[in-house]
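Novice: Sequence:
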Amino acid sequence: MSEPNDTPATPQLTREEWLAKARTLSEALPYMRRYSGRTFVIKYGGHAMGDESLGELFARDVVLLKQVGINPVVVHGGGPQIGAMLNRLKINSSFVDGLRVTDKETVDIVEMVLSGSINKQIVSAINNQGGKAVGLSGKDANLISARKLRRTQRDTDSNIENILDLGFVGEPYQVNPQILETFEKSDIIPVIAPIGMGRNGETYNINADTAAGAVAAALGATRLFLLTDVAGVLDKQKNLISDMSLEDARGYMTDGTISGGMIPKIETCISAVEQGVDAAVILDGRVPHALLLEIFTEGGAGTLIGRE
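First residue of the sequence shown? That's 1 in the UniProt record's numbering, and the numbers climb one at a time after it.
Careful, some of the hints might be misleading.
What the hints assert, rightly or not - SDA-like, lysine to any residue: derived pairs with alpha carbons at most 20 Å apart:
hint, residue 1, residue 2
1, K139, G167
2, K148, Y173
3, K104, I91
4, K66, E267
5, K66, I91
6, K148, N176
7, K148, E267
Note that these hints are calculated values from the structure, not bench results.
Sequences are here, hints too, so could you generate the full structure?
Specialist: Here it is, written out as structure tokens:
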């Protein structure tokens, strides 16, 4: 009995379609040369992570980046999956300014979901596409040291600021890049769950965008990519802003062009660029191959925030 053939079937394309593919590859070559040996930190989350077909394409694209000499580092979220598990266990959960209030019982579930099931699903997806992914959390090799996140909220009636207790929600204050730098010299792709460890061994739940920004800054990454559920930053006429300077970004937040949930993402991008990342990009993770479109084409696919 013959062995099954695992080679993917060749799509039936016309000569013109094959020529178009060849032109695309040819146009990508200068970008491959430009970014070879550079590090890209990719925050993976949103609805793209919950869509099996998009997840497969994302994994394939990450493997391709490694194959052409780029060092991808994946930091993932998992809010919907955490919420589903808490609901299943009948544990109530609340949010303040988009952050999940995380008590001791909740943080155990958060760590289980992020460092366990989600992390290993992404690792498996990358490995199934021919890569060699390894799952980590911020606790491994003291990768992410975190402290309790402090937030205040002003009472509109009394105008008094109250300190909010978000429980075990943390912010990174130090990232040890040593283990990630070791992976750069290998064919391993690190996949990081945004769990940090406190000075006394506490477990902290960290916003994935924030964790990705901190990792990118510590590595001196060439690019930070935040995959989201929107096309990028839109102007007041709802047109995509393809690139902006740090000064532009601050101005857009001041005049209300950037508002709501986009503000913390932009703040993460600004912080990363100020700490040495060449540029940060907000991308629509729902678009197939959005990463490749942004990296290997002149037009890009999202909003790039750079120094100038």
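Novice: Between the alpha carbons of K139 and G167, is the straight-line distance 20 Å or under?
Specialist: Holds: K139 and G167 sit about 18 Å apart, inside 20 Å.
Novice: What's the verdict on K148 and E267, does the C-alpha distance respect the 20 Å limit or exceed it?
Specialist: holds (19 Å)
Novice: Is K148 within 20 Å of N176, Cα to Cα?
Specialist: Since the Cα atoms of K148 and N176 sit roughly 18 Å apart, the hinted pair holds (cutoff 20 Å).
Novice: Straight-line Cα separation of K66 and I91 no greater than 20 Å?
Specialist: violated (40 Å)
Novice: Would you mind confirming whether the straight-line C-alpha gap from K148 to Y173 stays at or under 20 Å?
Specialist: holds (10 Å)
Novice: For K66 and E267, compute the direct alpha-carbon distance and say whether it is at most 20 Å.
Specialist: Judged against 20 Å, a Cα distance of about 28 Å means the pair is violated.
Novice: Taken at face value, is the distance from the CA of I91 to the CA of K104 at most 20 Å?
Specialist: holds (12 Å)
Violated hints for the displayed structure, listed by number in ascending order: 4, 5.
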